[in-house]
Amino acid sequence: MKIGRIVGTVIGVLVLVGIIFTAYAWITVTHTGNEATPSASTGTPADLPSQVARGEYLTRAADCEACHTVAGGRAFAGGVPFKLPFGTIYSSNITADAETGIGRWSDDDFVRALHAGVDKDGRPLYPAFPYTSYTALSRDDILAIKAYLFSLPAAHAPTPANDLSFPFNQRWAVSMWNALFLKKERFQPEQGKTEAWNRGAYLATALGHCGECHTPRNVAFAMKNGEALAGAELQGWKAYNITSDKDHGIGSWSSQELIQYLSKGHAAGRGTASGPMGEVVEYSLQYLTPSDLSALATYLGDVKPQQSGIPVRPASMPSTPPSQAVASASMGEQLFVGACAGCHLDNGQGRQSDYATLTGIRSVRDPHATNLTQVILHGTELNVGGQRIFMPSFGRAYSDAEIAALSNYVVTHYGGQSGALSAADVAGRR
Amino acid sequence: MIVLSINGQDTQADVPDDMPLLWVLRDVLGLNGTKFGCGMAQCGACTVHLDGQAIRSCVLPVAGAVGKKITTIEGIGDTDIGKRVQQAWLGIEVAQCGYCQTGQIMSAVALLAQKPSPTDADIDAAMSGNLCRCGTYVRIRAAIKQAATGQATLPQTIA
Amino acid sequence: MMLRVDHVPDEVELENPARRELIKRGGLVVAFMALGGGSRVWGYADHGPVPAGAPEFAPNAFIRVGRDGSVQLVMPSIEMGQGAYTGQATLLAEELDVGLDQITVEHAPPNRKLYANPLLGEQATGGSTTIRYCWKTLRDAGAAARYMLVTAAAQRWKVDAGQCTASRGVVTHTASGRSLPYGELVDAAWNVPPPDKAPLKDPKDFQLIGKPLRRVDTPGKVDGSLPFGIDIRVPGMKVATVQASPTFGGKLASVDDARALSIPGVLKVVKLDNAVAVIGEHFWAAKKGLEALVITWDRGANGAFTTEQLFKDMANASEHGTPIVAREVGNVGNVKGKVIAATYQLPMLAHATMEPLNTTVHVRPDACEIWVGTQVPARCVDVAVKVTGLPAERIQVHNQYMGGGFGRRLFEDSVEQAVAIAKQVDYPVKVIWTREEDIAQDRYRPAYYDRIAATVDDKGRPQAWTDRTTGASVMAVFAPPGMGKNGLDPDLVECAAEIPYEVPNLRVEWVRHDMPAGVPVGWWRGVGPVHNVFVVESFIDELAHAAGKDPAAYRRDLLGEHPRAHAVLDLALEKSGWGKAALGARQGRGIALAAPFGSYLCVVVDVAVSPQGEVSLLRAVAAVDCGTVVNPNTVEAQVQGGLVFGWSAALYSGITLKNGAVEQRNFNDYRVLRLNQTPPIEVHLVPSQESPGGIGETGTVMAMPALTNAIFAATGVRLRTLPIDVTALVQNKDALKAAVTEATPASPHVSVTPGQLGRLA
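Residue numbers (this note's numbering), protein chains in the order written: chain A, 1 to 430; chain B, 1 to 159; chain C, 1 to 761.
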């Protein structure tokens with residue numbers, strides 16, 4: 001789900017080709033930046049005494065597994081394809097296998113990979129790997145992660161060769177981009193903020209790398225630091241504005257709602273984590289301790305408000321279920337009562353679980369229905385708290401016009417917006 | 001050990017919380033009238049009532065049914081509406097292979113409990129989540145009308 | 001006691017029937033005939049001496065009269081929704097003179113000698129033969145039993161049997177007013193010599209046949225008490241679910257079951273050559289266990305196969321392959337004139353019965369018991385013998401009600417697999433396929449690639465007709481002896497070789513193009529006709545349009561001496577209001593006419609097509625002549641259901657292969673018609689004294705061309721590929737860019753259709 005970033009990166013690179021940073025880039029590429037003194041607030045829960053246990057916790061907080069594990073495959077053995085318009089790259093095997101994994105990497109090699117975005121041989125990694133965020137991690141935390149990975153069974157699984165066309169297969173271009181945009185700085189607690197705030201900041205910016213999806217990017221596709229977490233769109237999904245703005249962000253959410261959403265993937269009347277965010281909850285956030293969740297909520301609640309994206313207007317719900325209102329059903333309603341109401345209920349309240357509640361949630365209050373159409377097209381799955389919450393994909397068997405009609409129906413009836421998607425809009429999102 | 005209220009009786013079952021109600025009913029309690037069709041709430045064969053509302057038991061973790069009144073096809077005939085719907089199903093000869101029909105009946109009863117005189121659109125909305133591969137839909141519509149109105153919609157030349 | 005009744009052959013002589021006659025009955029019939037069909041002694045086995053005080057009167061394999069007066073009828077066909085039990089029970093009960101409310105029915109055990117379907121030569125249910133094959137034999141069986149019961153009563157009263165009547169299980173001597181229920185005649189009836197031939201009722205005296213009787217199996221289907229195969233519970237039974245290689249011909253390479261075995265309730269992981277199963281305390285444990293396996297497959301030779309490749313190969317075979325001529329009339333090469341040609345493509349199809357495949361098996365050292373709903377019980381014994389090595393008499397198959405068959409349960413692959421799984425444990429196992437497995441491991445209706453052409457005269461009438469179909473043979477895998485001497489699979493040309501239209505020069509041929517080894521094919525509701533009638537009836541529509549004629553009038557004009565075809569055509573036109581009321585914009589009315597399975601049907605369908613190309617069914621009218629009707633209630637239900645099944649396939653269904661595996665998984669992507677998409681369907685019957693024709697598959701056959709012809713009428717777009725591609729029906733580019741609003745294409749509403757049962761009276 002980080003493909004968009006790569007596309008943008010490459011565009012950025014092309015913009016910069018010819019700029020004279022080449023030499024500078026070559027010199028600085030493998031330098032990891034200056035190590036800061038670890039701060040108390042960047043520590044991990046105190047009840048995790050061993051390095052391996054800390055490492056497991058941090059590995060989850062850094063959400064490594066989502067990208068490094070194929071569905072149904074061995075954990076961390078890599079091989080997840082990231083399909084780009086100009087080819088495919090694969091995540092690498094980060095188990096301790098000597099031949100195909102990172103078994104021969106030294107501590108310094110591993111730290112350098114996360115701080116500088118280069119592999120054991122010093123070759124730049126593609127920024128689908130979020131080293132632009134991990135660069136802020138402390139060396140201790142990185143080594144704990146490594147210790148955990150090395151404690152797991154090694155999996156012999158060669159990473160498939162990337163299949164990129166020229167010039168996108170030229171890794172030096174990434175070096176130049178790094179030279180411009182990678183700030184190799186460790187996390188520093190902000191003075192005057194609480195310990196919880198700083199812990200939350202470390203979780204959000206370094207470990208959880210929220211900004212990689214939620215922060216808008218500039219023309220060279222680097223994160224715009226002035227607009228942190230103001231929302232962005234990538235791979236057809238909206239990563240919503242999660243700043244503290246009340247209308248555009250999550251400023252009106254209670255701390256409890258935020259914690260509920262982050263740990264369970266659902267907050268009543270707010271939303272259900274789907275697609276890429278569902279993966280984050282499944283692999284990462286549900287494992288955070290209550291104090292870390294609270295810290296994260298503290299930090300997010302204090303992120304500078306930004307007024308970008310779609311304001312989340314209060315929904316005006318139809319007072320009666322639509323089937324009573326009209327004599328003959330629209331295509332959207334016909335489809336909804338057939339394929340959707342089984343779980344969502346014809347009034348959108350959700351009958352199978354809270355997760356199926358549609359009424360008022362953010363994705364149905366977006367008149368463009370960006371995430372809604374993605375969920376309909378591709379389905380979604382969330383394994384959280386020992387439960388599997390899923391929705392099947394409808395993209396294969398339902399036409400563009402049908403999905404447009406269904407989206408418009410849902411947005412109109414359960415989001416109080418006026419949906420106006422066309423068949424062509426949906427075709428563009430497949 | 002959890003306790004479920006099924007067809008008016010408290011029933012104990014030693015099952016994991018995430019086990020769908022369908023399999024608790026079928027494989028643990030032996031209530032086989034509720035059917036497995038798809039496992040993803042797309043076909044409606046597993047429909048039962050939870051506090052009177054039709055739900056798909058194949059995707060409902062059993063923990064979500066604790067403390068609520070579960071009604072299955074085995075118990076629906078004890079209600080007035082259930083009896084009428086079953087009679088209409090017999091009268092109109094809806095069933096072919098019959099596999100989906102218990103789920104169809106559960107959806108129909110839930111509809112009539114909420115809307116005693118459903119319009120055609122109401123019937124469409126309530127019944128379109130239940131698939132039937134034999135294609136008995138025309139008669140399902142007719143049977144619901146008959147159950148609602150008490151008037152035969154099919155010439156009752158059936159002996 | 002030996003009971004032997006020479007029954008009257010059905011319809012036509014069954015021994016050495018002419019091939020032509022066989023082809024008319026359908027490919028499935030041919031398939032089974034070739035396997036030894038045509039047995040004249042059916043349902044009558046040597047009983048040996050009757051034990052004194054036998055608990056019941058059992059003059060043949062179908063009838064059991066108990067001392068308490070109960071009447072049990074043993075059903076040679078199986079019930080999968082088509083009304084077999086009701087229809088067959090009606091035939092027996094009619095001549096036995098009992099009411100359907102007085103009998104109970106029971107599944108027949110596997111026994112080819114007693115219960116083989118003579119039209120199929122096998123104990124099997126399919127090919128729309130259920131009534132056709134036993135129309136006379138079951139009545140004979142009932143009449144013989146009645147004769148013996150009545151004679152027994154007459155002997156007791158010392159009166160002439162001719163003065164006695166029977167009704168509702170009671171024999172009455174009219175003159176004296178004495179009467180005896182059947183139950184009191186059990187012993188006496190055993191001692192009556194069976195008749196050489198008991199007289200059958202005059203059709204005008206029928207009490208049951210032709211009446212819309214209630215089905216015998218409905219009550220248990222309405223209260224949930226009737227058990228299907230999946231509902232079987234055997235003491236000590238565990239539940240398994242299974243995944244076979246997603247590629248056909250692939251093998252299990254390795255499986256890591258550590259995670260699966262740690263799941264509570266998971267008992268065992270069973271490895272087969274090409275599949276892996278997890279056995280659990282209940283289905284949920286088994287399913288979670290299966291999901292937790294890390295499986296590596298050896299994908300096999302078809303690991304890269306795709307549907308695109310299949311159609312490319314079929315197109316090539318159609319062009320360059322060697323055709324087998326099925327029928328040639330005149331000389332198509334001599335005809336000059338305007339040529340109209342078209343190519344049609346039909347997809348692979350899955351059955352998706354509502355009840356996913358399942359089998360319960362208990363393998364013991366000395367015996368094997370199987371509980372399964374199957375269309376071929378005797379074949380299930382065969383595969384159990386193969387897997388267990390036990391002799392056939394140690395295998396017991398308990399047949400069960402089926403949650404849909406549609407041809408899927410004519411194959412015993414899932415039974416063979418279940419026996420192989422159960423063989424590895426000592427307790428009974430119920431193997432249930434997930435829906436995903438059911439769709440990914442079906443025996444698929446093969447894809448077809450058909451090139452059809454006509455040379456027309458100046459009035460647009462075809463003077464030469466060539467129809468070359470290309471596709472795989474199901475017969476070749478299902479019943480190889482069923483292939484003709486010249487290698488022809490008659491299923492491929494059923495309803496193409498014989499068409500109701502007069503064409504002076506005609507050549508119909510088939511190019512055999514089998515699927516890659518291991519890609520399974522199977523019978524699917526409608527078999528050969530469902531494919532050929534779509535092509536022929538679409539193409540006739542094309543010719544009518546090219547000739548500038550009304551499609552119905554054009555058909556009537558071409559119909560030869562087929563009074564029954566004329567009758568259904570006229571009835572359908574009258575009932576549908578053909579040519580009368582004008583339809584709205586982008587609405588259309590289509591027609592199809594054919595004679596599949598020994599019946600005649602004409603179906604008219606109205607549709608509306610949205611600007612974006614979405615199709616809504618508005619109304620359908622079917623006119624049916626299926627000969628003598630045993631139960632009009634069933635006929636109406638089968639035609640309605642068959643139409644829905646066919647529309648589902650035409651609108652949505654198609655199995656596609658990618659990297660050698662089926663892409664569809666469940667009802668979210670193998671879509672079928674829902675209630676709110678189903679239009680009112682009227683079924684009108686033509687009264688007939690002819691022998692019964694088939695009915696179960698006819699609606700499906702008619703559904704597809706009637707629908708696409710209606711779409712043509714609505715849009716001017718001829719759809720030659722199924723399933724329907726809505727992008728071909730888009731009105732214009734603006735329609736795609738316009739917001740799809742709440743406005744709806746004329747919705748198929750919906751006054752409840754009463755059906756037409758009353759019209760028979």
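None of these hints come from the bench; they were simulated from the model.
Careful, some of the hints might be misleading.
[Said to hold, decoys possible] Derived lysine to any residue pairs resembling SDA-like cross-links, with alpha carbons at most 25 angstroms apart:
hint: 1; chain 1: B; residue 1: K115; chain 2: A; residue 2: T359
hint: 2; chain 1: C; residue 1: K271; chain 2: A; residue 2: H156
hint: 3; chain 1: C; residue 1: K658; chain 2: A; residue 2: T370
hint: 4; chain 1: C; residue 1: K251; chain 2: A; residue 2: R74
hint: 5; chain 1: B; residue 1: K69; chain 2: C; residue 2: K737
hint: 6; chain 1: A; residue 1: K264; chain 2: B; residue 2: L50
hint: 7; chain 1: B; residue 1: K68; chain 2: A; residue 2: R388
hint: 8; chain 1: C; residue 1: K268; chain 2: B; residue 2: D18
hint: 9; chain 1: C; residue 1: K658; chain 2: A; residue 2: Q235
hint: 10; chain 1: C; residue 1: K658; chain 2: A; residue 2: A155
hint: 11; chain 1: C; residue 1: K268; chain 2: A; residue 2: T370
hint: 12; chain 1: C; residue 1: K268; chain 2: B; residue 2: D14
hint: 13; chain 1: B; residue 1: K69; chain 2: A; residue 2: G251
hint: 14; chain 1: C; residue 1: K251; chain 2: A; residue 2: H156
hint: 15; chain 1: C; residue 1: K658; chain 2: A; residue 2: H378
hint: 16; chain 1: C; residue 1: K737; chain 2: A; residue 2: A157
hint: 17; chain 1: A; residue 1: K264; chain 2: B; residue 2: K115
hint: 18; chain 1: C; residue 1: K737; chain 2: A; residue 2: T88
hint: 19; chain 1: B; residue 1: K83; chain 2: C; residue 2: G303
hint: 20; chain 1: C; residue 1: K658; chain 2: A; residue 2: T88
hint: 21; chain 1: C; residue 1: K733; chain 2: A; residue 2: Q387
hint: 22; chain 1: C; residue 1: K251; chain 2: A; residue 2: R388
hint: 23; chain 1: C; residue 1: K658; chain 2: A; residue 2: L164
hint: 24; chain 1: B; residue 1: K69; chain 2: A; residue 2: Q387
hint: 25; chain 1: C; residue 1: K737; chain 2: A; residue 2: H156
hint: 26; chain 1: B; residue 1: K69; chain 2: C; residue 2: S225
hint: 27; chain 1: A; residue 1: K83; chain 2: C; residue 2: G303
[Stated by the list, open to error] Covered stretches of chain C, going by a simulated chain A footprint (3 or more residues, C-beta under 8 angstroms):
hint: 28; region: 168 to 178
hint: 29; region: 651 to 664
[To be verified] Derived, one-sided and incomplete: chain A residues facing chain B with beta-carbon distance under 8 angstroms:
hint: 30; residue: D97
hint: 31; residue: A339
hint: 32; residue: A341
hint: 33; residue: G342
We put the CB at the ideal spot given by N, CA and C, even for glycine.
Against the structure, the hints come out as follows:
1. Restraint check: the Cα-Cα separation between K115/B and T359/A comes to about 22 angstroms, which is no more than 25 angstroms; the hinted pair holds.
2. Between K271/C and H156/A the alpha-carbon distance is near 23 angstroms, which keeps this suggested pair within the 25 angstroms criterion.
3. For the proposed pair K658/C and T370/A, the alpha carbon gap of about 28 angstroms is over 25 angstroms, so the pair is violated.
4. Using a Cα cut-off of 25 angstroms, the hinted pair K251/C and R74/A holds, with the two alpha carbons roughly 21 angstroms apart.
5. For the proposed pair K69/B and K737/C, the alpha carbon gap of about 48 angstroms is over 25 angstroms, so the pair is violated.
6. The straight-line distance between the Cα atoms of K264/A and L50/B is roughly 24 angstroms, inside the 25 angstroms bound, and the hint therefore holds.
7. The hinted pair formed by K68/B and R388/A meets the criterion: a straight-line CA distance of about 22 angstroms does not exceed 25 angstroms.
8. Taken as a hint, the K268/C and D18/B pair is honoured in the structure, with Cα atoms around 21 angstroms apart against an allowance of 25 angstroms.
9. For the given pair, K658/C sits about 24 angstroms from Q235/A by alpha-carbon distance, which is consistent with the 25 angstroms threshold.
10. Distance hint between K658/C and A155/A is unfulfilled; the C-alpha atoms sit about 28 angstroms from each other, more than 25 angstroms.
11. Between K268/C and T370/A, the direct Cα distance comes to roughly 45 angstroms. Violation of the 25 angstroms bound is thereby established for this hinted pair.
12. Between K268/C and D14/B the alpha-carbon distance is near 20 angstroms, which keeps this suggested pair within the 25 angstroms criterion.
13. Between K69/B and G251/A, the direct Cα distance comes to roughly 39 angstroms. Violation of the 25 angstroms bound is thereby established for this hinted pair.
14. Pair hint K251/C plus H156/A holds up; C-alpha atoms about 22 angstroms apart against a cutoff of 25 angstroms.
15. For the proposed pair K658/C and H378/A, the alpha carbon gap of about 18 angstroms is at most 25 angstroms, so the pair holds.
16. For the hint linking K737/C to A157/A, the alpha-carbon distance of about 47 angstroms lies beyond 25 angstroms, and the restraint is violated.
17. Between K264/A and K115/B the CA atoms are separated by roughly 36 angstroms; this puts the pair beyond 25 angstroms, and the hint is violated.
18. For the suggested pair K737/C and T88/A, the alpha carbons sit about 32 angstroms apart, so the restraint of at most 25 angstroms is broken.
19. For the hint pairing K83/B with G303/C, the CA-to-CA distance comes to about 53 angstroms; that exceeds 25 angstroms, so the pair is violated.
20. Note on K658/C and T88/A: the hinted pairing holds, with a Cα-Cα distance of about 19 angstroms set against a maximum of 25 angstroms.
21. Distance hint between K733/C and Q387/A is unfulfilled; the C-alpha atoms sit about 45 angstroms from each other, more than 25 angstroms.
22. Taken as a hint, the K251/C and R388/A pair is broken in the structure, with Cα atoms around 30 angstroms apart against an allowance of 25 angstroms.
23. At roughly 23 angstroms between alpha-carbon atoms, K658/C and L164/A fall within 25 angstroms of each other, so this suggested pair holds.
24. Of the supplied pair hints, the one linking K69/B and Q387/A holds, its CA atoms being roughly 22 angstroms apart against a limit of 25 angstroms.
25. As the CA atoms of K737/C and H156/A are separated by approximately 50 angstroms, the hinted pair breaks the 25 angstroms bound.
26. In summary, the hint linking K69/B to S225/C is supported, as the alpha carbons are separated by about 21 angstroms, within the 25 angstroms threshold.
27. Our distance criterion of 25 angstroms between C-alpha atoms is met by K83/A and G303/C, whose separation comes to about 22 angstroms.
28. Judged by the Cβ-Cβ criterion of 8 angstroms, the region 168 to 178 of chain C is not covered by chain A as claimed, because only 0 of its residues qualify and three are needed.
29. Evaluation of the coverage hint for the region 651 to 664 of chain C: fulfilled, as 3 residues show C-beta separations to chain A shorter than 8 angstroms, against a requirement of three.
30. Look at D97/A: its Cβ only gets to about 33 angstroms from chain B, farther than 8 angstroms, so that hint breaks.
31. Of the supplied interface hints, the one on A339/A holds, with its beta-carbon coming within about 7 angstroms of a beta-carbon of chain B, less than 8 angstroms.
32. Because the closest C-beta pair between A341/A and chain B is about 6 angstroms apart, less than 8 angstroms, the hint holds.
33. For G342/A, the suggested interface contact is upheld, since its CB lies about 4 angstroms from the closest CB of chain B, less than 8 angstroms.
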